[in-house]
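4 protein chains.
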Amino acid sequence: MKETQDLHPEAKGIQLHEVGVRNLKTLLLIHRQETDFKILPTVEIAIDLPDNIKGAHMSRLVESITDVLTDESRKHSSVEMMSTQVLSELSKRHSYSRAHMILQFDFVVEQRTPKSNKRTFEAYPIVVKTTRTNRGFNAEEKIFHEISVSSKGNTVCPHAMANNDGKTHIQRAIGTLTVKGMNEDIPEFEKMIDILEKSFSSPTFTLLKSSDENFLVQRMHNNPLFCEDVTRNILAFAREEFGKNLEIRAEVESQESIHKHDVFSRGGWV
Amino acid sequence: MKETQDLHPEAKGIQLHEVGVRNLKTLLLIHRQETDFKILPTVEIAIDLPDNIKGAHMSRLVESITDVLTDESRKHSSVEMMSTQVLSELSKRHSYSRAHMILQFDFVVEQRTPKSNKRTFEAYPIVVKTTRTNRGFNAEEKIFHEISVSSKGNTVCPHAMANNDGKTHIQRAIGTLTVKGMNEDIPEFEKMIDILEKSFSSPTFTLLKSSDENFLVQRMHNNPLFCEDVTRNILAFAREEFGKNLEIRAEVESQESIHKHDVFSRGGWV
Amino acid sequence: MKETQDLHPEAKGIQLHEVGVRNLKTLLLIHRQETDFKILPTVEIAIDLPDNIKGAHMSRLVESITDVLTDESRKHSSVEMMSTQVLSELSKRHSYSRAHMILQFDFVVEQRTPKSNKRTFEAYPIVVKTTRTNRGFNAEEKIFHEISVSSKGNTVCPHAMANNDGKTHIQRAIGTLTVKGMNEDIPEFEKMIDILEKSFSSPTFTLLKSSDENFLVQRMHNNPLFCEDVTRNILAFAREEFGKNLEIRAEVESQESIHKHDVFSRGGWV
Amino acid sequence: MKETQDLHPEAKGIQLHEVGVRNLKTLLLIHRQETDFKILPTVEIAIDLPDNIKGAHMSRLVESITDVLTDESRKHSSVEMMSTQVLSELSKRHSYSRAHMILQFDFVVEQRTPKSNKRTFEAYPIVVKTTRTNRGFNAEEKIFHEISVSSKGNTVCPHAMANNDGKTHIQRAIGTLTVKGMNEDIPEFEKMIDILEKSFSSPTFTLLKSSDENFLVQRMHNNPLFCEDVTRNILAFAREEFGKNLEIRAEVESQESIHKHDVFSRGGWV
Numbered sequence: 018m019k020e021t022q023d024l025h026p027e028a029k030g031i032q033l034h035e036v037g038v039r040n041l042k043t044l045l046l047i048h049r050q051e052t053d054f055k056i057l058p059t060v061e062i063a064i065d066l067p068d069n070i071k072g073a074h075m076s077r078l079v080e081s082i083t084d085v086l087t088d089e090s091r092k093h094s095s096v097e098m099m100s101t102q103v104l105s106e107l108s109k110r111h112s113y114s115r116a117h118m119i120l121q122f123d124f125v126v127e128q129r130t131p132k133s134n135k136r137t138f139e140a141y142p143i144v145v146k147t148t149r150t151n152r153g154f155n156a157e158e159k160i161f162h163e164i165s166v167s168s169k170g171n172t173v174c175p176h177a178m179a180n181n182d183g184k185t186h187i188q189r190a191i192g193t194l195t196v197k198g199m200n201e202d203i204p205e206f207e208k209m210i211d212i213l214e215k216s217f218s219s220p221t222f223t224l225l226k227s228s229d230e231n232f233l234v235q236r237m238h239n240n241p242l243f244c245e246d247v248t249r250n251i252l253a254f255a256r257e258e259f260g261k262n263l264e265i266r267a268e269v270e271s272q273e274s275i276h277k278h279d280v281f282s283r284g285g286w287v
Numbered sequence: 018m019k020e021t022q023d024l025h026p027e028a029k030g031i032q033l034h035e036v037g038v039r040n041l042k043t044l045l046l047i048h049r050q051e052t053d054f055k056i057l058p059t060v061e062i063a064i065d066l067p068d069n070i071k072g073a074h075m076s077r078l079v080e081s082i083t084d085v086l087t088d089e090s091r092k093h094s095s096v097e098m099m100s101t102q103v104l105s106e107l108s109k110r111h112s113y114s115r116a117h118m119i120l121q122f123d124f125v126v127e128q129r130t131p132k133s134n135k136r137t138f139e140a141y142p143i144v145v146k147t148t149r150t151n152r153g154f155n156a157e158e159k160i161f162h163e164i165s166v167s168s169k170g171n172t173v174c175p176h177a178m179a180n181n182d183g184k185t186h187i188q189r190a191i192g193t194l195t196v197k198g199m200n201e202d203i204p205e206f207e208k209m210i211d212i213l214e215k216s217f218s219s220p221t222f223t224l225l226k227s228s229d230e231n232f233l234v235q236r237m238h239n240n241p242l243f244c245e246d247v248t249r250n251i252l253a254f255a256r257e258e259f260g261k262n263l264e265i266r267a268e269v270e271s272q273e274s275i276h277k278h279d280v281f282s283r284g285g286w287v
Numbered sequence: 018m019k020e021t022q023d024l025h026p027e028a029k030g031i032q033l034h035e036v037g038v039r040n041l042k043t044l045l046l047i048h049r050q051e052t053d054f055k056i057l058p059t060v061e062i063a064i065d066l067p068d069n070i071k072g073a074h075m076s077r078l079v080e081s082i083t084d085v086l087t088d089e090s091r092k093h094s095s096v097e098m099m100s101t102q103v104l105s106e107l108s109k110r111h112s113y114s115r116a117h118m119i120l121q122f123d124f125v126v127e128q129r130t131p132k133s134n135k136r137t138f139e140a141y142p143i144v145v146k147t148t149r150t151n152r153g154f155n156a157e158e159k160i161f162h163e164i165s166v167s168s169k170g171n172t173v174c175p176h177a178m179a180n181n182d183g184k185t186h187i188q189r190a191i192g193t194l195t196v197k198g199m200n201e202d203i204p205e206f207e208k209m210i211d212i213l214e215k216s217f218s219s220p221t222f223t224l225l226k227s228s229d230e231n232f233l234v235q236r237m238h239n240n241p242l243f244c245e246d247v248t249r250n251i252l253a254f255a256r257e258e259f260g261k262n263l264e265i266r267a268e269v270e271s272q273e274s275i276h277k278h279d280v281f282s283r284g285g286w287v
Numbered sequence: 018m019k020e021t022q023d024l025h026p027e028a029k030g031i032q033l034h035e036v037g038v039r040n041l042k043t044l045l046l047i048h049r050q051e052t053d054f055k056i057l058p059t060v061e062i063a064i065d066l067p068d069n070i071k072g073a074h075m076s077r078l079v080e081s082i083t084d085v086l087t088d089e090s091r092k093h094s095s096v097e098m099m100s101t102q103v104l105s106e107l108s109k110r111h112s113y114s115r116a117h118m119i120l121q122f123d124f125v126v127e128q129r130t131p132k133s134n135k136r137t138f139e140a141y142p143i144v145v146k147t148t149r150t151n152r153g154f155n156a157e158e159k160i161f162h163e164i165s166v167s168s169k170g171n172t173v174c175p176h177a178m179a180n181n182d183g184k185t186h187i188q189r190a191i192g193t194l195t196v197k198g199m200n201e202d203i204p205e206f207e208k209m210i211d212i213l214e215k216s217f218s219s220p221t222f223t224l225l226k227s228s229d230e231n232f233l234v235q236r237m238h239n240n241p242l243f244c245e246d247v248t249r250n251i252l253a254f255a256r257e258e259f260g261k262n263l264e265i266r267a268e269v270e271s272q273e274s275i276h277k278h279d280v281f282s283r284g285g286w287v
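Residue numbers (the working numbering), protein chains in the order written: chain U, 18 to 287; chain S, 18 to 287; chain D, 18 to 287; chain B, 18 to 287.
Derived by calculation from the structure, the hints in this document are not laboratory data. Take the hints with a grain of salt, since some may be wrong.
[Claimed, not checked] Across the chosen pairs, the derived CB separations fall in these ranges:
id	chain 1	residue 1	chain 2	residue 2	range
1	D	Q128	S	N69	33 to 41 Å
2	U	R152	B	S112	41 to 49 Å
3	D	V126	S	E257	48 to 56 Å
[Unchecked claim] Below, computed lysine-lysine pairings styled on DSSO-like, alpha-carbon distance capped at 30 Å:
id	chain 1	residue 1	chain 2	residue 2
4	U	K197	U	K109
5	U	K146	D	K184
6	S	K55	B	K132
7	U	K146	D	K55
8	U	K92	U	K132
Bear in mind the structure is a predicted one, so any value in this text is a computation, not a measurement. Built from N, CA and C at the ideal position, the CB exists for glycine as well.
Use the sequences and the hints to build the structure in full.
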């Protein structure tokens, strides 16, 4: 067997920052709070490649995932812990100075409708990126995580409301909160969802009976917000609840009901 | 050169209904009303294949497009006429009993804002499908077209408005009108756009100054409509204006501001 | 509470064929062969609406899903059975003459690599559409299902191979097998996957060690196939295994490595 | 008219880095080398917002685009020049310390097939981002551009080829070259396309007659390359041709024909 990957590349002096696989779909089992969660993520995993190595052994990246997932002696109490184990397993199989793994999936939470108190399932897109750096010979590895959670809410235009005796335009908006930090500082997904939901003019629900719909309509009209206001709300709530150990970023897209385009806003502390 | 395509296939007795290429991007020049329109469509072109032929000569499908587009002696006054010429050219190069060509593109129209009367450009997704059947030895070919035009407007919920003293929820909606018929009955894109825009609670604009925004907000609140109402409006206007020589279909998607999911409605006469 | 939905619509004489919700994400628990499967589908559910009713009560569609999903006395041994129960529940809450439910999700199967015999997880996009018609006063309802399963394989061009001494071009291809019929005739997803995988020049795997890669490369070169050949293979295998009680359709898209566009082919028996 | 945007926001001390509109479609006319090019881009335009201002006047962002586009006294000889004028116009209408505009569109180039010398149209996705910073009272503004051009080619696996007597797997790959710098250093799109096309195992063509197909198959087998090799080729060619005044980055995605996932590689100098 010829290991073509280990040859020297023709182009000299060019290291590559990220080499790996993406759009890989697999199945995770997370055991958390005495419940088994099954997650079907889309995965990206990559390493850096020095300038004197032609190619990565891609199957070792995939194998690191498969072996951690199918090792029944391991218990993963969180997605971040599972990712940390995969990058640790990978460092035994392939040399790298920096590697990352990204998992994208929908997280479904059971909630209650606001007035009729009926059970409803709400889905939130989540992205978990875990990065591991192995710097130098004796250095300890360093692991950090970047978590993004999105939710759909709405914006009620305060400008139109102020100029039309309370009448205004309203639209669906998508908010995303991203935090980055060390394992011990990473909040639970549910806490990030709570911050998003209270930052909109109103959150959205999959099931709404008429009494719930009326409640939301009233709440929305009492809480007119620009896209910019929602972004600042997310940032202010997140800083207050998560403190300064985390990088915090927020983005909101308002899918304008009177325009064909979207309005957006981004901010945060890096 | 071995023509592998002309061999008999291993699997016996299986004709194929559509064989061709898609996701092909090209450049069209349409000369209409003394103006040159450049269109960059995504193209699908396909033929049927009898059960005793292994494969289509795909390059002949592509060549039929390229040759018609680059023949400067031809003038195409409409997308449908250009498609008709491509399918005619193709019938000289490849046998088929039925072929179709689909062109998807954005059509940009200059409009005026409703109150401030400023110039604004509005884009509309359009799909043109042209089908040609060659039935039998002496039979004339038959050509028909299916045109879909989409526009973004909005819906203002009449149910929430009736139960909340005029307060309601509002959201972006996407309407699509599809007509199918012979060349002489196909309406202009602009007429289809007009029908869509007057069917919503209000149309949308890319540019809106405050006076325009106020005008739209008033109009929306005077015209509350379900997704179902918008669909029926499109169908009623189209039947009235285009008569009964055309198949007419309509679909509306309302991207609910109080839900994470969309509401939709479809109807028409086939 | 005013029930605006029950009013007569302004546009007269226009029934709507499909009115409902889509892009709804939820969580299903399927109990099959003594295992719990968690599925996170994207859902569409719709009914028809007669010409004298203004709007559907959309929350009743959502509630039919939520109530069946959260009723712990029910055991769903298949996605089709769950859909059947939802449409039955819906017929108690909202009148309709025809309703359908579509579930789209990824189905993950554990397999073994072809030579190294390592565990690998492979994901297959699946669409399950269940339709229920309630025709007339005393008539029994009628239920049928339409199932689509997709898999990624590859095509190895036999034309280029015949003209280049065995050298050729190779590309990823996506095959989709669709079957439609009554509940008792619907095959298991795994059987549909098997048919797809043996119809390509070779199937694909998420994990491949070098011995597996070599095995696939040899197999691919021994099995050159056009997109059209793969479509006919799927149809021939499906007809042979599933008989004539099912409608069978197949579609293959070959993402050409020497072109920017894709080649596709469709066939079947309706 | 109340200018709600100019109020102070409720959340204190939070500036926003980017506030604007996106997914706006419009029509550009570029006059270059004595030819009129019509481009239908998707546009994003944004400014920063200080912590004491509630919202941006979004219509002024849109108006800056519309007014530059419809001013017939202006001649735009490049997309970058048009973007520069829009950001200059915007600085007269809305205060900002940093603004950007992103245009995404397909650029269609007429080429010749490699052997049969037939005319063929090839489309390349392009992204042009122009940023303008206004720093301080007397300071001159600073403008820079970031241009990304993508092309579809292919990769021929050298590892499988070395271990299977010349047989291998082949797949479509997408390469993207990004450059960033001042206006005078920005290369023409065509030069960036040339670099991409010579970096793959082979480029792709929309039209290929059999003689062309054979030529490509031979070329591909003489030029086996990993995804990593293609990335380094792009970087090496771009550095050689464009020198060190530009930031240069490259990314390649190889859509593996033996896997369901993609392989990717990124590198460059910032």
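How the hints compare with the structure:
no., hint, verdict
1, D:Q128 - S:N69: 33 to 41 Å, "holds (36 Å)"
2, U:R152 - B:S112: 41 to 49 Å, "holds (43 Å)"
3, D:V126 - S:E257: 48 to 56 Å, "holds (53 Å)"
4, U:K197 - U:K109, "holds (26 Å)"
5, U:K146 - D:K184, "violated (41 Å)"
6, S:K55 - B:K132, "holds (29 Å)"
7, U:K146 - D:K55, "holds (24 Å)"
8, U:K92 - U:K132, "violated (39 Å)"
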